[in-house]
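Trainee: Listed below, chain by chain, are the residues.
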Amino acid sequence: MSRLADAIACGEFVVTAELGPPKGTNVAHLLEMSELLRDHVHAVNVTDQQSSVMMVGSLTVCHLLLNRGIEPVFQVTCRDRNRIALQSDLLSAAVLGITNVLCLTGDYVTLGDHPQAKPVFDLDSVTLLKTVAVLQEGRDLSGKALTGVPSYFPGAVVSPAASPLGPQIAKMEKKVAAGAKFFQTQAVYDPAQFEAFVRQVEYLGVPILVGIILLKSAGMARFMNSNVAGVTVPDGLIDEIGSVPRPERAARAVAIGARLMREMNAMCQGVHIMTLGWERHVPRLLAEAGLAPSPSRSTNGE
Amino acid sequence: MIITEQKELEEIVRSLRGRRRVFLIGCGVCAATWGTGGEKEAAGMEARLKEAGIDCAGWIVTEEATCDARTTRRVIRRNREAIASSDALLVLSCGAGVQTVAALADLPVYPALNTLFLARIQNLSVSDERCRLCGACILAETAAICPVTLCPKGLANGPCGGYEDGMCEVDRERDCAWVAIYERMEALGQRGQFTVIREPKDWREDLHPGFVNKRAQKASV
Numbered sequence: 001m002s003r004l005a006d007a008i009a010c011g012e013f014v015v016t017a018e019l020g021p022p023k024g025t026n027v028a029h030l031l032e033m034s035e036l037l038r039d040h041v042h043a044v045n046v047t048d049q050q051s052s053v054m055m056v057g058s059l060t061v062c063h064l065l066l067n068r069g070i071e072p073v074f075q076v077t078c079r080d081r082n083r084i085a086l087q088s089d090l091l092s093a094a095v096l097g098i099t100n101v102l103c104l105t106g107d108y109v110t111l112g113d114h115p116q117a118k119p120v121f122d123l124d125s126v127t128l129l130k131t132v133a134v135l136q137e138g139r140d141l142s143g144k145a146l147t148g149v150p151s152y153f154p155g156a157v158v159s160p161a162a163s164p165l166g167p168q169i170a171k172m173e174k175k176v177a178a179g180a181k182f183f184q185t186q187a188v189y190d191p192a193q194f195e196a197f198v199r200q201v202e203y204l205g206v207p208i209l210v211g212i213i214l215l216k217s218a219g220m221a222r223f224m225n226s227n228v229a230g231v232t233v234p235d236g237l238i239d240e241i242g243s244v245p246r247p248e249r250a251a252r253a254v255a256i257g258a259r260l261m262r263e264m265n266a267m268c269q270g271v272h273i274m275t276l277g278w279e280r281h282v283p284r285l286l287a288e289a290g291l292a293p294s295p296s297r298s299t300n301g302e
Numbered sequence: 001m002i003i004t005e006q007k008e009l010e011e012i013v014r015s016l017r018g019r020r021r022v023f024l025i026g027c028g029v030c031a032a033t034w035g036t037g038g039e040k041e042a043a044g045m046e047a048r049l050k051e052a053g054i055d056c057a058g059w060i061v062t063e064e065a066t067c068d069a070r071t072t073r074r075v076i077r078r079n080r081e082a083i084a085s086s087d088a089l090l091v092l093s094c095g096a097g098v099q100t101v102a103a104l105a106d107l108p109v110y111p112a113l114n115t116l117f118l119a120r121i122q123n124l125s126v127s128d129e130r131c132r133l134c135g136a137c138i139l140a141e142t143a144a145i146c147p148v149t150l151c152p153k154g155l156a157n158g159p160c161g162g163y164e165d166g167m168c169e170v171d172r173e174r175d176c177a178w179v180a181i182y183e184r185m186e187a188l189g190q191r192g193q194f195t196v197i198r199e200p201k202d203w204r205e206d207l208h209p210g211f212v213n214k215r216a217q218k219a220s221v
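For the record, the sequence lines run as chains A and B.
If you read the first sequence in my numbering, its first letter stands for residue 1, the second for the next number, and so on.
If you read the second sequence in my numbering, its first letter stands for residue 1, the second for the next number, and so on.
Be aware that one or more of the hints could be misleading.
[What the hints assert, rightly or not] Coverage of chain B stretches by chain A, computed from C-beta distances (three or more under 8 Å per stretch; other residues unrestricted):
hint, stretch
1, 29-38
2, 148-154
3, 164-174
4, 192-198
[Claimed, not checked] Which chain A residues stay away from chain B? Per the calculated CB distances, all over 12 Å, these:
hint, residue
5, 68
6, 104
7, 249
Don't read these hints as lab results, they were simulated from the structure.
Remember, predicted model here, so these are calculated numbers, not experimental data.
Don't be surprised by glycine CBs; every beta carbon is placed ideally from N, CA and C.
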């Protein structure tokens, strides 16, 4: 059962958001944030040791969300687990009723807070997607039969602003061939560039959820430009968010995000909002972007 | 070539502590080419050891690679008097050379070098790793550029999302291996090869410790 899959299949404009688990056992804040998203998104991604920083596991948080009636997207990277552990976690997810799985390669270990750790990368995002497909056929990677066959809605990621773009699209094509049913993108700030990307990958016929990160400040924009691969915030937007006084910044960030969404919504099948602590602004962002509340996005509708 | 670097003298002196007299053996192939264990370096090491108060019985550089036990055995035999007057051997070669000597000599053997990687030598100051000795060469499918070696994640199915302007996520000074592979495939008209999904590596092929006996293999066929 995946509400996300159903909504995409129905051609509905899909909304997902993203939460990062805490470092430590206190999940109160995380659950509070998830409540702010509950009635506004189809599903909530839970990151897997994002940026190689050690945190509570994605699977556990997905389980907590699902128990509260919030549909999770289980993010799985290949950085920390070999094929035995990855298959095991995928089966565990299915047992817990978690079906949306986002398959990623994962950042390198030296980017995070345990740079001494041994990187794994036994599988990659493509072979992880293939693993999901194999498990759904009732086998594991060694060909052994499974007792109880899992069912997933597998997705993947793509960077529309990657430079050069050719290898990125070629990899996206392999992800589709390996079974990716939807794509969430890295944050996009240039609608014209996104439109050109969408045209180039139209032949793949796969739903794309455009990535949105609210620009909290000019400093944050500049930080992303120099530190986050595949994210380019144009100078015009940096100036715009930098020109407003601090108390008005959130409103302006929401206005910019909503403007970007209005320009790009028609080009794709949904939006993926990486909230980075600004979960409270999601309802206003969606309203300003012209996305009326939808019963399928609200758990109360079920 | 196997790329090596000389250890700090302090570390070598520390490992030789308690030894009366040392004989030096350099390698005439990789270490000589790379300037870490040839005649000049062996003579230089002897001089520095003497300065540090360690008595030396002389040095020799094996004409062939020190790791070739057939020829190194003869070198040790020819120098048996100098070796007999020593109570330690210091070897200026890669780790394979050091252990080849150790298997042929009845006295303590010490390394003078750290062994770094298997590389292309671009010139006498620049070398870059090119092979990880993974046991299952895929260069035929990757435009003769090795992602096992050149991608820090060892990815086999294309780049991750971390490259920026064609440079690697892990080191922005280094080319992304998969962008390079993609571009070379395009240049050679082999773009179709990129679409092939490579299965996860069989790590049994990455045989460590490696061992080959060609005669036994032939006999078993």
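Trainee: Now, for every hint given, state plainly whether the structure supports it.
Mentor: Checked hints:
no. : hint    : verdict
1   : 29-38   : violated (count 0)
2   : 148-154 : holds (count 3)
3   : 164-174 : holds (count 5)
4   : 192-198 : holds (count 4)
5   : 68      : 31 Å, holds
6   : 104     : 8 Å, violated
7   : 249     : 27 Å, holds
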